[in-house]
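Asker: Residue numbers (our numbering), protein chains in the order written: chain A, 1 to 398; chain B, 1001 to 1059.
Accuracy of the hints is not assured; some may be wrong.
As the list claims (entries may be wrong) - Here's a subset of chain A near chain B, in silico, CB distances under 10 Å, partners left out:
#1 Val124
#2 Met128
#3 His132
#4 Glu159
#5 Lys161
#6 Ile223
#7 Ala227
#8 Arg235
#9 Pro249
#10 Gly251
#11 Lys252
#12 Cys256
Stated by the list, open to error - Some chain B residues near chain A, calculated using beta-carbon distances under 10 Å:
#13 Ile1004
#14 Glu1007
#15 Tyr1011
#16 Cys1019
#17 Val1033
These are calculated hints, taken from the structure and not from any lab test.
Since the structure is predicted, the reported quantities are computational estimates derived from the model, not experimental observations.
Where is the CB? At the ideal position from N, CA and C, for every residue including glycine.
One-letter residues, chain by chain:
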Amino acid sequence: MKNEYDVLVVGGGPGGALAAWTAARLGLSVCLIEKRPAIGAPVRCAEGIGKELLKSFIEPDPRWVSADIKRARIVAPDGTTIALDENKAGAEVGYVLDRKVFDRELVWQASKAGSDVFVKTRAVAPIMEGRHVRGAVVECCGKRQDVRAKVTIAADGVEAKFARWCGIDTTIPLTEMMSCIQYLVTDIDIDPNSNDFYLGNDVAPQGYLWVFAKGERSANIGIGIPASKNKPDMRARDYLDRFMRENFPNGKIIECIFGGDPVSRPLPCTVADGLMIVGDAARVVDPITGGGIGNAMITGRLAAEVAAKAIAQGDTSKEALMPYDAGWRQAKMGKTLERNYKVKEYFITLSDEKMNTLAQSIEGINFSEITVMALLTEIIKRNPKMLLELKGLTHALI
Amino acid sequence: MLQIHREICGYCGACVSVCPEGALELVDAYLTVESDICRCCGICTKACPLGALEVTDEE
């Protein structure tokens, strides 16, 4: 490992990998460090991503696409099911990935483009000159060294420790941290081309439970509920275990993962002098779905592009890096995050009865597109009596 | 003090992100708590999906 790079990327998930890959392709010297011993493991994710979004970064490959999803189903508390079919809707439903292979592929691409990659190597402190971040002290197998960089990209995921060490408050409110647990279950009868979402305060209070197909007879089955909803005798795990007992009693659990998922607004500012924050660390997770892979890749790529310009101009101050922060906020991604945050805030107030009413009102509709916007537009259109209540939601959509 | 039940902990980091003091950290995939920073507020115990954290009276 050298002592000096143009760009130091802390974290080897999709955000960090895209940052390193892009920066290397733009001719910068790049160092990517990952604290875990292996890229992509353990998985902390339900592994779903939109098809078009994925294709804007990399051509899908059967080695890391576990399932090509043709439809989605949303199941209301009373069992009312809203079916969203790809045949009527274009290719927005998505793929379920094999993150262990996918993440490695992205980092491999970054490496092929020229990035240095080091696993089991973690940042233990930023190198600061006044308020300017100049790299990090890194530790690999007990050995510490300084790695100086013109720009440091914090891609350390939901923990977001690096930015915090640099003086940015990255603490997530308890109500906005989704407490998640997921099983990879095999030997079960599922629709291998469907992703199913179960709603309801009995199933997953203020969250949802998912069954994402991962092949003919296996699926990621998981749940996310606000951390504040965890009770000593009824934690996320208890809700999931009850669902498993009732729906897949003979399924074999071959993997069990846990994690936090921030469904808050993004960080108020995702840059500082010499520092850029991407992906989950920047809180650019969709507040409704909890999905973060695509947004991490978008921010990773954009951060590297802005960093390259700033480095070329010899100015890596906060002001010089601000086009990154402004860029993703003004892009479709930033606007969708803001809209979906408002929508999420509305939906978590709904009782099961209201959810059933809304689901019944749009049951059986052939949607022209599978988007949150399309669902909401139909809900508002078909519930004129609830217009006053839905007013706040209408504002969120404008 | 904050007690980490290591036989339950999944080392996912959910608690790390909600700690207002930054007292928790995953080091080499193990959860550690800096006891001189931790205020034993218990927020992390609520974020844990598994119930691996507990605030006890023990010193």
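Asker: Would you mind marking each hint as holding or not holding in the structure?
Answerer: Here is what the structure says about each hint:
no. : hint    : in the structure
1   : Val124  : holds (9 Å)
2   : Met128  : violated (16 Å)
3   : His132  : violated (21 Å)
4   : Glu159  : holds (4 Å)
5   : Lys161  : holds (6 Å)
6   : Ile223  : holds (9 Å)
7   : Ala227  : holds (4 Å)
8   : Arg235  : holds (6 Å)
9   : Pro249  : violated (22 Å)
10  : Gly251  : violated (19 Å)
11  : Lys252  : violated (19 Å)
12  : Cys256  : holds (8 Å)
13  : Ile1004 : violated (14 Å)
14  : Glu1007 : violated (14 Å)
15  : Tyr1011 : holds (8 Å)
16  : Cys1019 : holds (7 Å)
17  : Val1033 : violated (14 Å)
The structure is inconsistent with the numbered hints 2, 3, 9, 10, 11, 13, 14 and 17, although it conforms to all the rest.
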